[in-house]
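Asker: If you want the building blocks of each chain, they are given just below.
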Amino acid sequence: NAGVMQNPRHLVRRRGQEARLRCSPMKGHSHVYWYRQLPEEGLKFMVYLQKENIIDESGMPKERFSAEFPKEGPSILRIQQVVRGDSAAYFCASSGLAGGDTQYFGPGTRLTVL
Amino acid sequence: LAKTTQPISMDSYEGQEVNITCSHNNIATNDYITWYQQFPSQGPRFIIQGYKTKVTNEVASLFIPADRKSSTLSLPRVSLSDTAVYYCLVAPSNAGNMLTFGGGTRLMVKP
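Protein sequence lines correspond, in order, to chains A and B. The first sequence begins at 191 in the working numbering and counts up by one. The second sequence begins at 2 in the working numbering and counts up by one.
Hints in this document: simulated from the structure, not taken from any laboratory. All of these numbers come straight from a predicted model, not from anything done at the bench. For each residue, glycine too, the CB sits at the ideal point set by N, CA and C.
Far from chain B, by Cβ distances over 10 angstroms, these chain A residues were calculated:
hint, residue
1, Lys241
2, Pro264
3, Thr302
These stretches of chain B come out as covered by chain A in the derived footprint (C-beta under 8 angstroms, 3 or more residues):
hint, region
4, 38-52
5, 99-107
Based on the provided sequences and hints, a complete structural model is requested.
Answerer: If you want it as structure tokens, here you go:
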């Protein structure tokens, strides 16, 4: 049973470029969550999606960041016009149920902005 | 969401039992307690979850007193590979599963 998959594992972008991070949830899971982790800190919630719907984006910066989880294919976190402060590890988690089910995390994408 | 407090760091030696306590004084009736383990450059890994009393699995035990204002993660006979950051999380079962991670406890296991 494959776990949560994320790609790329490492992504280097120059300031002003776009970053696209992909997340494939565990088989049978329809709920996806994105978190960001800065060095030496805990994870911070960004957005919670179900298929074709954004349920909670309260942790997402208002500008430059967007997320989607289409009917077919992986969930994508998109960061436009990246800045150095966007450098972080971005983790995706998935769960099978909205209420009380365990979230399983992927290996993360480490974004470095030059 | 209930706030959690846990020690910043702990040291132990191989073969010892390690107990990490987490305080969550404002835990709500429908909150569950979940512990995750995170190694450097990896995503958090689910360890154990409980609501009350004691839960045990092949990796750890979780002790929750009757008032549920704290919980203790117990790792039996730790090895060097248990060196990691351990996060205690408290979240309601129907909150859309937004997990709030604190700073965690950095466990260092020494030979």
